[in-house]
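A.B. asks: On the provided structure of chain F, position chain S as indicated by the hints.
Protein chains in written order, with our numbering: chain F, 1 to 1010; chain S, 1 to 159.
Certain hints may be false.
Stated by the list, open to error - Chain S stretches covered by chain F per the calculated footprint, using a threshold of three residues with CB under 8 Å from any CB of chain F:
(1) 60-71
(2) 132-142
Unchecked claim - Just some of the chain S residues that point at chain F, by a computed CB distance under 7 Å:
(3) S12
(4) L14
(5) Q15
(6) T57
(7) G113
(8) V116
(9) A120
Claimed, not checked - Residues of chain S placed beyond 10 Å of chain F at every Cβ, according to the derived structure:
(10) L49
(11) A54
(12) A77
Everything labelled a hint here was simulated from the structure, so no lab data went into it.
All C-beta atoms in this analysis are idealised placements derived from N, C-alpha and C, irrespective of residue type, glycine included.
Each chain, written out:
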Amino acid sequence: MNVLFLMDSPEYLRFYDSAIEELASRGHSVALAVNSGRAKKPVGLEGLQRYADRVRVLGVVPQHEGRWAGVATGVRATMDFVRFLHPRFAAAHALRARIKRKVLPRAYHWIDAIPRLSPWLVRAWQRGLMALERAIPVCEPMAALLRAEAPDVLIVSPLVAAASDQVDWVKAAQAAGVRTAVAIASWDNLTNKGLLRVEPDVVVVWNEAQRHEAHEYHYIPASKIAVTGAQLFDRWFDRRVTRDRAAFCQRVGLPGDGPFVLFTGSSSFISESGAEVAFVRRWLEAVRASGDPALAGVNVLMRPHPYNFHRWADEPLADARGVAVFPRAGYNPVDAENRADFFDSLFHASAVVGINTSAMVEAAIVGRPVLSMLAPEFAGTQEGTIHFHHLLPEHGGFLRIAATLDEHVAQLADRLRHPESSRAETARFVASFIRPHGVERPATPLFADAIERLAASPAPAPRRAPVWAPLLRPVVLALAAPVAIANGLGRAESRNRLRRRADGAWRRARKGVARTGGLARGRAMRALHTTGKRWRRTPTWRAAAFAYATVAALGIGYFLAGSPLQVSEALRNMLAVQRTDLGELLASQFTQGGFLRPLLLAQIDVPFELARGHYFAVFKAIHVAQVVLAAGLFVNLLPLRGLVDALAIPFGLALLFASHTFSGTVVEAFPINTFLTIVLCCLAAANLAQGAPSRWRDAAAVALFVFAALTVETGLLVWVCIAAAWLAGFRGVSGKAVAAATALLAVYMALRFGPLHVGAPALVERSSGFGFRTLDPPELIARFGDNPLPFYAYNVVVQLLTVLFAEPKAGVWLLVRGLSTGEWLPRDVLAVAATTGATLLIAWYVAARVPSWRRAELVDGDRWLFVGAAVLAGNAVISYPYTKSVIMSPAGAFHALAATLAFAAALARLGRPVRLRPIVALGVLLLTALSTVWTVRLIGLHYRLREKAFITRNDWMFVTAGQSPADVDVEAYPAAGALIRQLRDDAVTMRVPNPAFDSPRASRVFEEAW
Amino acid sequence: VVSAAPGRERPSVLQWLAAAPPLVAFVGSVAIAAGWPAGAQPFWSVPELTLSEAVATRDAGEVTRLVERERVDPNRAWPVRGGLLDEVTSATPLEAAVLARREEMARLLLRLGAVVPEGAPRAALICLGVRASADDVVAVLLESGDGSDPRPACPPHER
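If we strip away everything but chain F, and leave its shape as in the complex, we get:
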């Protein structure tokens, strides 16, 4: 295996030296390269040369140059800054300020005025920037170098540096077909710095906490994350001291060989060297002043951070008794002697104190008590960092933290007296955070194993730029233009040149305007006049109706996106499409008894494959898009001739969305809601029928019918829609197309009941409502096995009634049962009152229209009534085998359409110049009451979605591979195990409201999904 290990700078050697040696010792060819030399750091390029006898040292690799280099830096820097708008980073002021200071382009400093954004918006913004990143061309010299080196794996670390150009290397490797791994160097990398920005083949992290961070904050699919442990700390586990206590104390300059407390310095970002010196002096004074005998004679060893040394070089503690600073000059942390000194200082220390540094983690490995205190000057770099919280006991950490120096001194004294009291906490932390695969298992071999596994996997195909990349590049350049301008303005000579040019342009413009002013003014006025006339003709109420429908549908979409993917059926279907190819899936669906749905799983398979791991995003986007489309198609069927008609739209959409037949299309998804697909197909067929005749409409109508009929049985209603619409007088779809669809329907029936032997669902297939309760298949067989016709007739009738009156629901007479037992619920009364009211409104409209019909005067609204009646009848007949409200969703949609037409007509009546007679007042009262109850039902849909989100999330916590619905052998299909884990992780991560804190009245008023 050829490995190219690309580190940001040689200082990263201290994280990976053991891993590099392990890979080399396994016989792999390893080449080391860095992005920059970082001459100021103690570990320079010469550090690489130490490995020259075992690995190849490439040195510093080329950088991205040219026009796109600056653009890429700007895009990445903005991405890095935007992450700090996430509410999780609300307290991370110091991190935010650092990213702004270091990399955020001046032209985009205005973003800092945004205090924070919702997680969804941050994610959307970052996703958008990631799309821009993908549009930036690959740096060809990098790809050429990779092709020449031909590594089997490119390991990049850390990739998260601010606006890192390592992203270019990952993209170049992907373009060259090289496997890519990103190694997370340290415990703070995923929350302290920038984004990963690209998706490599694998991300190697230390532990589950980092797995969560990589998934949650960097959008890496769980299946691409490998947890190996912290390989850089392996060296401390089996190490022995180099010097005994006396020799060590003598070496570092401590008096005698008594106990000492080690104060470990932090990096300059956490505690700037001057502030750190001042703090340590304050801390020393508090320790000395405590009067506690445990602290009276204790010595103190101060070990500055290797990269934050300069103020310590002045020997600021030279006057303090029993205190030594060691090392006394800047040092190389990779150097063997310095490592030995570091270990000895941890080993011999009685306790370790620090502000926020990795040395505290290392002290925990050695088993020493570790303490810290909150200091106001370091608030931003202690509690203001996410990684600091990993150390706290309430998050599984080991750190004894104090709010004040006095409290800290007391804790320190206690720890010196009882050092064993922290052992359990430190051991637990080490077992979960440092060596999550077992304290006895070193992480370095696991790291090497992960790289070997990646190398053994099939090489990825060279990735090309997305087809949309050329379209997006002008956008990227346009967004980068302000950066270039701002940078240019930053230079005095550019400012002067620009000012001279602007003055010249202004003079020329004034002359031009004076010469042609009259002519131009005349033209402008005429253009304005024409535009104004056009604007007045624009049907703004129509545009407003569509805008309202879109916003209302997106409102439902917001709640849909707040719920995890469903477990039951959805997981089973996803596992099925994951294991089976499309051809087999299609073929298998022709041999099922009772159901003929060959396209059902195919519709899941295609987005599943295209999702490339982003299953939640893709399937939720489909669901939301379906709801938005349904609203748009519904509104488009309504004759909107004025604002009064448009006023009926909110009422109509409330009926459409809040109906109990529709709620099943949004409360569930498998992961695509097939019933909603059929509602869309029916509404689309109706839209095709109402337009001007054309061949494409004919073709689309026939194709729609075939698609729907092969998706699920209620898809046959598309034929009902186009045939009834043609009979009603709509001619958008021609008679020939209707005939063709009819012929196809005959073929479908002949095949289904003939050669394919699919037949119809039997009683054994489903539970179904009958009377006052739901009967299981055995009960159905016992009662109707000999003669199912009465049961089928009951089903047809109750399905008709449920659309018109919301009673019974799913075959069960809920309200009647409740009234007879005295245990009725307001929600059942509300549902029946609302639906019956809508049906009565339709009946009034029909009665009012009858005189016109007698004169053969038909308007579009009348025709939709006819089509709606046909769909209702057809829907009820098709659902004869068993009852379920959502099956009637197409009929429910047309019921809503008819009621909306009737509501618009009633509104029109109210607009006539009438006196407020009692009958008119009653009419207004009834209409207002009707729209109110439907509004309450609509709010109830939100309640149901919220409850469903809670239930679904909890369902995932009890999913066990091998048991239904995850009944798959994950040993035989590891990918299935990864899918289950990923979806479960998504559910764990997603925060959903807990209904326990809702008013108990809500469940009495808002309906359940039926």
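C.D. replies: Chain S in isolation, oriented as in the chain F frame:
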């Protein structure tokens, strides 16, 4: 003949009144949603729960998140807001499962690393379950560990 009003006709007060309820709900929702981009959660606010509160309210998802992601200790006592477990104001997650009589939550907690204590605390926990008539949960607690501990004898007055 019933037909809608022609295009430029302005709706009357009565028409507005009849159509108002869903419009009011819509406008109200949009107004509330205006705070959302700034991070507010007007519709689906998620209260911060302690581990024991999550157990008490059967919030298995939150229990898992707190233990797996936030690495909250499943074996120490956590505050419980008033009313969730009657008068109890602090309980370990297993005690919360017992008091809420949630056998599935107890199993989940044990899977996530909660440990049934040994000795007197174990007896106290099981007797708490007996007192709360949480027989299913008591059975789960007795199953855990090596199974060798006999069922403790709870004081008669506690039954």
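A.B. asks: None of the hints should be skipped; say for each whether it holds.
C.D. replies: Structure-based check of all given hints:
1. 60-71: holds (count 10)
2. 132-142: violated (count 0)
3. S12: At 5 Å from the nearest chain F Cβ, S12 (chain S) passes the 7 Å test, so the hint holds.
4. L14: 4 Å, holds
5. Q15: Result: holds, 5 Å to nearest chain F Cβ.
6. T57: 4 Å, holds
7. G113: 9 Å, violated
8. V116: Since chain F brings no Cβ nearer than about 17 Å to V116 (chain S), farther than 7 Å, the hint is violated.
9. A120: Hint violated; A120 (chain S) Cβ to chain F Cβ min 19 Å, cut 7 Å.
10. L49: 7 Å, violated
11. A54: 8 Å, violated
12. A77: 12 Å, holds
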